[in-house]
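Asker: Sequence:
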Amino acid sequence: MRKFLAVVKREYVQRVRSRMFLVVTVGAPLMFALFTVVPAMIAGMKAGGPTRIAVVDETGRMYERVRDALTNARDEGDEAEEGKPEAANPVGQNSSERMKQAAKAGEQDYAVEQASPDGRTTEELKRQLDERVKRDELDGYLVLPKDVLEGGEAQYYSRNVGDVFTRGRVQDGLTKAVRDARLAENNVRPEVMRAVNRPVKMATTKAGGGGEKADNGQGFFLVFGVGFVIYLTILMYGQVILGAVIEEKETRIAEILFSSIRSFPLMLGKLIGVSLVALTQFAIWGLAFAAFALYGVAVLAGQGMKVSLPHVPASVFAYLVLFFLLGYFIYATIYALVGSMVTTTQEGGQLAMPIILLLVVGFYLVFPVVRSPNSPLAFWASMIPFFSPITMLVRITTQTPPFWQIALSLAIGFATVVLLVWLAGRVYRVGMLMYGKRATIPEVFKWIRQS
Numbered sequence: 012m013r014k015f016l017a018v019v020k021r022e023y024v025q026r027v028r029s030r031m032f033l034v035v036t037v038g039a040p041l042m043f044a045l046f047t048v049v050p051a052m053i054a055g056m057k058a059g060g061p062t063r064i065a066v067v068d069e070t071g072r073m074y075e076r077v078r079d080a081l082t083n084a085r086d087e088g089d090e091a092e093e094g095k096p097e098a099a100n101p102v103g104q105n106s107s108e109r110m111k112q113a114a115k116a117g118e119q120d121y122a123v124e125q126a127s128p129d130g131r132t133t134e135e136l137k138r139q140l141d142e143r144v145k146r147d148e149l150d151g152y153l154v155l156p157k158d159v160l161e162g163g164e165a166q167y168y169s170r171n172v173g174d175v176f177t178r179g180r181v182q183d184g185l186t187k188a189v190r191d192a193r194l195a196e197n198n199v200r201p202e203v204m205r206a207v208n209r210p211v212k213m214a215t216t217k218a219g220g221g222g223e224k225a226d227n228g229q230g231f232f233l234v235f236g237v238g239f240v241i242y243l244t245i246l247m248y249g250q251v252i253l254g255a256v257i258e259e260k261e262t263r264i265a266e267i268l269f270s271s272i273r274s275f276p277l278m279l280g281k282l283i284g285v286s287l288v289a290l291t292q293f294a295i296w297g298l299a300f301a302a303f304a305l306y307g308v309a310v311l312a313g314q315g316m317k318v319s320l321p322h323v324p325a326s327v328f329a330y331l332v333l334f335f336l337l338g339y340f341i342y343a344t345i346y347a348l349v350g351s352m353v354t355t356t357q358e359g360g361q362l363a364m365p366i367i368l369l370l371v372v373g374f375y376l377v378f379p380v381v382r383s384p385n386s387p388l389a390f391w392a393s394m395i396p397f398f399s400p401i402t403m404l405v406r407i408t409t410q411t412p413p414f415w416q417i418a419l420s421l422a423i424g425f426a427t428v429v430l431l432v433w434l435a436g437r438v439y440r441v442g443m444l445m446y447g448k449r450a451t452i453p454e455v456f457k458w459i460r461q462s
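Count the sequence shown with the working numbering and you get residues 12 to 462, in order.
Hints are not guaranteed to be accurate.
Simulated crosslink set (DSS-like; lysine-lysine; CA at most 27 Å straight-line) [what the hints assert, rightly or not]: (1) Lys-157 x Lys-187; (2) Lys-137 x Lys-212; (3) Lys-212 x Lys-187; (4) Lys-137 x Lys-157.
FYI, nobody ran anything at the bench for these hints, they're computed from the structure.
Given only the sequences and the hints, what does the whole structure look like? Please build it.
Answerer: Encoded structure:
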């Protein structure tokens with residue numbers, strides 16, 4: 012036992028004290044924030060002023076609706092009340108400054124003006140609007156044909172045709188305006204139609220008594236989160252475990268080690284030591300994330316926003332921890348077994364690629380298990396140790412199976428971990444003494460029988 016603990020301590024302390032551990036521990040959350048929070052902040056930034064759009068209304072009655080739809084001048088729940096028509100603004104008459112003032116006063120992202128013909132044909136008006144676009148007085152203009160309410164095609168002319176966001180916003184606003192106009196022509200007020208189309212509220216409660224409410228999918232997404240953390244941990248530390256297992260093989264000091272410690276405790280010590288490093292790092296990240304989440308909820312609550320953290324029962328939280336440890340050690344021991352068969356880390360990386368596919372299959376099995384958590388497929392999928400860290404958690408969070416099934420799944424899983432470590436130790440004992448040649452499958456079975 013003393014030698015086993017010495018191996019664990021050496022593997023743990025050596026890696027925790029390294030500069031790379033500190034860099035990854037601090038840098039990974041920063042990178043996560045960089046690729047999640049920063050893009051959202053950048054997407055919400057306003058580059059320049061409001062989008063300036065002129066509307067050529069050949070129908071004579073659609074401009075106000077389009078303007079209100081684009082600038083959100085009216086709330087969806089308020090009564091639709093048409094304002095008085097705005098005085099026509101001659102083209103080129105200080106309209107750029109007028110639009111800026113209107114946008115600033117209304118705090119809108121879009122500044123809309125009406126392009127009045129004033130005796131000009133539509134083609135002449137379009138040419139003058141093109142000139143205004145070239146002079147950077149407008150970002151685009153919208154031409155509404157006389158038959159737009161009967162299905163006629165509107166034309167949007169923009170300086171930046173690659174701006175799909177503005178194009179989509181203009182199209183959505185025009186669709187809303189045309190819809191409201193069609194309803195008004197048929198003596199149906201828009202708020203009446205919105206009330207008719209209002210979705211029905213439905214509460215989901217577990218049958219059989221108890222009054223347990225549905226969790227709106229929080230448990231399901233929590234399971235996916237645990238599976239993703241297992242996947243991320245294996246990706247990060249799979250190669251580390253490979254390197255730790257074949258470290259002595261590359262330095263050729265295996266003969267000295269085997270004279271003082273057996274292969275099984277040596278293999279198990281390496282696996283436990285590296286795993287403790289991984290768990291230490293993820294514990295630090297978990298505490299930092301929890302502190303950030305609590306701080307964020309407090310800030311949002313102070314601003315009047317109602318935000319609540321997902322409620323996880325203590326039993327479910329315990330199962331999440333147990334199956335996370337099970338999933339991690341299942342795949343970590345497979346990496347250790349692969350490492351005992353190869354001579355270099357590069358060879359191990361090539362052989363370890365199918366390992367991740369097993370975890371991916373577990374994610375695919377989630378969908379039939381969610382639909383029928385008590386079916387034979389769900390039962391056997393939750394008993395197979397390579398899939399149970401995902402599938403059994405799904406069963407627990409959707410329709411909790413009997414306790415004996417959960418205990419059996421855990422027992423099979425951890426027994427598989429012990430078996431894989433035992434097999435890796437036997438292969439490791441013989442494979443450590445081979446240099447320059449990767450073991451074949453028949454040779455591995457031969458080593459297991461002979462060692």
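Asker: Indicate, hint by hint, whether the structure satisfies it.
Answerer: Each hint, compared with the structure:
The suggested pairing of Lys-157 with Lys-187 holds, with an alpha-carbon distance near 17 Å, which does not exceed 27 Å. With a C-alpha separation of about 48 Å, the suggested pair Lys-137 and Lys-212 falls outside the 27 Å cut-off, and the hint is violated. Taken as a hint, the Lys-212 and Lys-187 pair is honoured in the structure, with Cα atoms around 24 Å apart against an allowance of 27 Å. In summary, the hint linking Lys-137 to Lys-157 is supported, as the alpha carbons are separated by about 16 Å, within the 27 Å threshold.
Of the numbered hints stated above, the single one contradicted by the structure is hint 2.
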